[in-house]
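Here the protein sequences line up with chains A and B, keeping their order. All the letters of the first sequence, read from the start, carry residue numbers 1 to 633 under this note's numbering. All the letters of the second sequence, read from the start, carry residue numbers 634 to 732 under this note's numbering.
It is possible that some hints are incorrect.
Away from chain B, derived, C-beta distances all over 12 Å, residues of chain A [said to hold, decoys possible]: (1) Tyr-26; (2) Ile-612; (3) Val-623; (4) Thr-628.
List of simulated lysine-lysine pairs, DSSO-like, C-alpha gap at most 30 Å [said to hold, decoys possible]: (5) Lys-370/A <-> Lys-601/A; (6) Lys-339/A <-> Lys-368/A; (7) Lys-594/A <-> Lys-293/A; (8) Lys-368/A <-> Lys-679/B; (9) Lys-247/A <-> Lys-368/A; (10) Lys-717/B <-> Lys-411/A; (11) Lys-679/B <-> Lys-370/A; (12) Lys-247/A <-> Lys-716/B; (13) Lys-373/A <-> Lys-594/A; (14) Lys-380/A <-> Lys-370/A; (15) Lys-411/A <-> Lys-679/B; (16) Lys-203/A <-> Lys-368/A; (17) Lys-114/A <-> Lys-380/A; (18) Lys-339/A <-> Lys-601/A; (19) Lys-324/A <-> Lys-679/B; (20) Lys-114/A <-> Lys-717/B; (21) Lys-247/A <-> Lys-293/A; (22) Lys-306/A <-> Lys-370/A; (23) Lys-679/B <-> Lys-339/A; (24) Lys-594/A <-> Lys-247/A; (25) Lys-373/A <-> Lys-679/B; (26) Lys-339/A <-> Lys-247/A; (27) Lys-594/A <-> Lys-281/A; (28) Lys-533/A <-> Lys-293/A; (29) Lys-254/A <-> Lys-281/A; (30) Lys-594/A <-> Lys-339/A; (31) Lys-370/A <-> Lys-533/A; (32) Lys-339/A <-> Lys-281/A; (33) Lys-679/B <-> Lys-380/A; (34) Lys-247/A <-> Lys-601/A; (35) Lys-563/A <-> Lys-716/B; (36) Lys-293/A <-> Lys-281/A; (37) Lys-373/A <-> Lys-306/A; (38) Lys-679/B <-> Lys-306/A; (39) Lys-563/A <-> Lys-717/B; (40) Lys-533/A <-> Lys-247/A.
Derived from the structure by calculation, the hints contain no laboratory data. A virtual CB, placed ideally from N, CA and C, is assigned to each residue, including glycine.
Below, each chain spelled out in residue letters.
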Amino acid sequence: MIYTPSILATIIFSLIVITVLGISVYFSRQSASSKGYFAAGGTIPWTVNGVAFAGDYLSAASFLGICGMIAVAGYDGFLYSIGYLAGWIVALFVIAEPLKRLGKYTFADALDSKFNYPGIRLMAGISTLVVSVFYLIPQMVGAGALVTPLLGFPHYVGVIGVGAIVIFIVATAGMKATTYVQFIKGALLIVFSLVLVISILNKGVSTHPTDDYHEFIRLDGTVTGSVVTSIETSGYVITGEYSSGDKTFIRTEKEGVERWWDAQIDGVSATLLETLTVTQKADSEILYNGEPKEAEAFYPVGHMNKIIVDGEEVEDTGALGPFKYIETLEDSEVVRFSKTSFSYEGDSISLWSQEITSGSELMRPGLKFKVDKGSTPLSKMNFVSLMLALFFGTSALPHVLIRYYTVPSPKDARKSTILAITAIGFFYILTMYIGFGAMVNGVLDVQSSNMSAPLLAKSFGLFLFSVISAIAFATVLGTVSGLIVAASGAVAHDMMSSLFKGKEISDSTRVVIGKISAITVGGIAIVLGILFKGMNVSFLVGWAFAIAASANFPAIIMMLFWKRTTAKGIVASIFVGMVSSLIIILLSPSMLDKYGMAADKALIGLDNPAIISIPLSFLTLIVVSLITGKRKS
Amino acid sequence: MDHGPAVKVTEDSVVSEYKTRVGLRFFAIYGIIFVGFVGINTFFPKLMMVRVVFGLNLAVTYGFFLILTAIVMGLIYNALCTKKELEFENASTEAEAHS
Numbered sequence: 001m002i003y004t005p006s007i008l009a010t011i012i013f014s015l016i017v018i019t020v021l022g023i024s025v026y027f028s029r030q031s032a033s034s035k036g037y038f039a040a041g042g043t044i045p046w047t048v049n050g051v052a053f054a055g056d057y058l059s060a061a062s063f064l065g066i067c068g069m070i071a072v073a074g075y076d077g078f079l080y081s082i083g084y085l086a087g088w089i090v091a092l093f094v095i096a097e098p099l100k101r102l103g104k105y106t107f108a109d110a111l112d113s114k115f116n117y118p119g120i121r122l123m124a125g126i127s128t129l130v131v132s133v134f135y136l137i138p139q140m141v142g143a144g145a146l147v148t149p150l151l152g153f154p155h156y157v158g159v160i161g162v163g164a165i166v167i168f169i170v171a172t173a174g175m176k177a178t179t180y181v182q183f184i185k186g187a188l189l190i191v192f193s194l195v196l197v198i199s200i201l202n203k204g205v206s207t208h209p210t211d212d213y214h215e216f217i218r219l220d221g222t223v224t225g226s227v228v229t230s231i232e233t234s235g236y237v238i239t240g241e242y243s244s245g246d247k248t249f250i251r252t253e254k255e256g257v258e259r260w261w262d263a264q265i266d267g268v269s270a271t272l273l274e275t276l277t278v279t280q281k282a283d284s285e286i287l288y289n290g291e292p293k294e295a296e297a298f299y300p301v302g303h304m305n306k307i308i309v310d311g312e313e314v315e316d317t318g319a320l321g322p323f324k325y326i327e328t329l330e331d332s333e334v335v336r337f338s339k340t341s342f343s344y345e346g347d348s349i350s351l352w353s354q355e356i357t358s359g360s361e362l363m364r365p366g367l368k369f370k371v372d373k374g375s376t377p378l379s380k381m382n383f384v385s386l387m388l389a390l391f392f393g394t395s396a397l398p399h400v401l402i403r404y405y406t407v408p409s410p411k412d413a414r415k416s417t418i419l420a421i422t423a424i425g426f427f428y429i430l431t432m433y434i435g436f437g438a439m440v441n442g443v444l445d446v447q448s449s450n451m452s453a454p455l456l457a458k459s460f461g462l463f464l465f466s467v468i469s470a471i472a473f474a475t476v477l478g479t480v481s482g483l484i485v486a487a488s489g490a491v492a493h494d495m496m497s498s499l500f501k502g503k504e505i506s507d508s509t510r511v512v513i514g515k516i517s518a519i520t521v522g523g524i525a526i527v528l529g530i531l532f533k534g535m536n537v538s539f540l541v542g543w544a545f546a547i548a549a550s551a552n553f554p555a556i557i558m559m560l561f562w563k564r565t566t567a568k569g570i571v572a573s574i575f576v577g578m579v580s581s582l583i584i585i586l587l588s589p590s591m592l593d594k595y596g597m598a599a600d601k602a603l604i605g606l607d608n609p610a611i612i613s614i615p616l617s618f619l620t621l622i623v624v625s626l627i628t629g630k631r632k633s
Numbered sequence: 634m635d636h637g638p639a640v641k642v643t644e645d646s647v648v649s650e651y652k653t654r655v656g657l658r659f660f661a662i663y664g665i666i667f668v669g670f671v672g673i674n675t676f677f678p679k680l681m682m683v684r685v686v687f688g689l690n691l692a693v694t695y696g697f698f699l700i701l702t703a704i705v706m707g708l709i710y711n712a713l714c715t716k717k718e719l720e721f722e723n724a725s726t727e728a729e730a731h732s
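So here's chain A without its partners, still in its complex pose (with noise of 0.2 Å):
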């Protein structure tokens, strides 16, 4: 979509980067000590920490991956906010207290105070590392969103920027200072998230959303054989076709600029839809709808095609209470756009076509997640896989994990994880409202579903885009700092310490150690932010959780409640885990299409591995601690 940007938002944004620079620069002088800069010396009040939690886990992936699905894919977008939630029972009820019993720094020393098994740490630390670069990608990716229409740079130039701020925040500061950007960013986020629920309930649905709405365009056709020859409206010239599927567009011609069209053909006649495209041409000039950049021809998008309100058809509902506002969509049609890329005479082309859905589709599972139209056991699977990576993978996500040291106490740990819960909680309710609100209210970005909740809070004033735009770039601020603390922990306590074994590594040394782990970290994680542009942020998450559940999932519940577990065990588990799921997540449909290859001919159909790895991984410890533990005893 084409952006222009405004002062007012230059200003709040920067309003939001100075304040979280300057608290850094505040708890930099008490993270001198490792215990200060990896744990926060174990002094945050829970309910500091509770918030600080939500603010941590509610990442770009919740505020734009997940309205941003919702917004394309309707509930099926809201079952990762309830895979994402239900993961905190895991966490909540069997990892939390018994973990901070063991009251260590990282998820490797609490392995380690078990069994005193160097190999332990080293794949702890590795397997932090992995988990946390891929969890960077899709807030990178999210920050490159943001900046756009928030500043007007270039996608690389967000991600470089957020980088850059966050590893002088880590290098700086340490846990200190990530915990109260984490805590003010989660507070504002969960306020103003409220604020923008209760703007979308107060407007209701219309089938004109705002008042500079595009009016699409129909045209009628004349059909010979099953072709579309003519064009009965005036000036429009037909000079190419392209069918795909039972779907059959057309290009016309009109004044010089040239257009495509959904055809829909009945007989002999045709209706003509009016598409969005972008046309890379042969000579790398980008038309937006056959037109350059500059003439703004490119529009946002969504709105509601039939409005039904308790039986009756309206063009407005005005006001609607939080249940009133599901049921109106759910009797309703929306007009969602679905994309089809082709090359035609040499043009690359991306087209997005209307498609009439109805609410009752919309809100159950189907359109993203194949387990009804068109499913097969793959597909079905699929989603069992993803659900089961969500659900297990929360508790083993490093930068979650490391939050049960910042506290004084496992009461602290479990109080702080309720009031995490409850904050969570409420705010994936939220994000029904914004993905649905953001789907209809005329302000999606086609090329982006990341956009569509900021997008939605400009349709109600610049200031609440603003101020949601910098919150959102805040919140991946404080989600990619908390990461880069725990993979540079992982690296200075776990990685060093196995490699350096019986040297002893001064406190001050290691947080050196840790302040350059930071700085490389980030730098990967730049360069991936901007390798991956474009795909949904919710979805590359779910690679992240999917490799925590399976590398270091079992693991933690193991050494908790199996007394046979041994070091070689657990080491073995880790190793599978992470590598099984590494293999068919790169081998996967989703990157074989990255990598420009054909989705169809993945080796393994599986865009989440979770349902294969994480069983692995539980074979693989059962087996290799039941015999290193009889060659033992």
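Assemble the complex: chain A is given as a structure, and chain B must be docked to it using the hints.
Only chain B this time, still in chain A's reference frame:
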């Protein structure tokens, strides 16, 4: 190499075992509800269209229910654990007073 605890933690093993036991039971209950949700979505997705309450269908109602149940169960779990911890603390204080 062990870096030692970030903070010192002392707690009676009876209290810890009680909390673990309650936690695992709560996890089992929530796990069953969650498996039911995933199962219906996967194998009976059309069932999710059925209107349940306040004009909402089963998909939305079940989703909201899972979120609210997580919060409510968390609060109950905290209340039970806090009660047990207080009992232990009071018993410890009394024992110290008698000695």
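Exercise for the section: Compare the structure with the hints numbered earlier in the document and write down the numbers of the violated ones, lowest to highest. Expected result: Violated hints (numbers, rising): 12, 15 and 17; every other hint is consistent with the structure.
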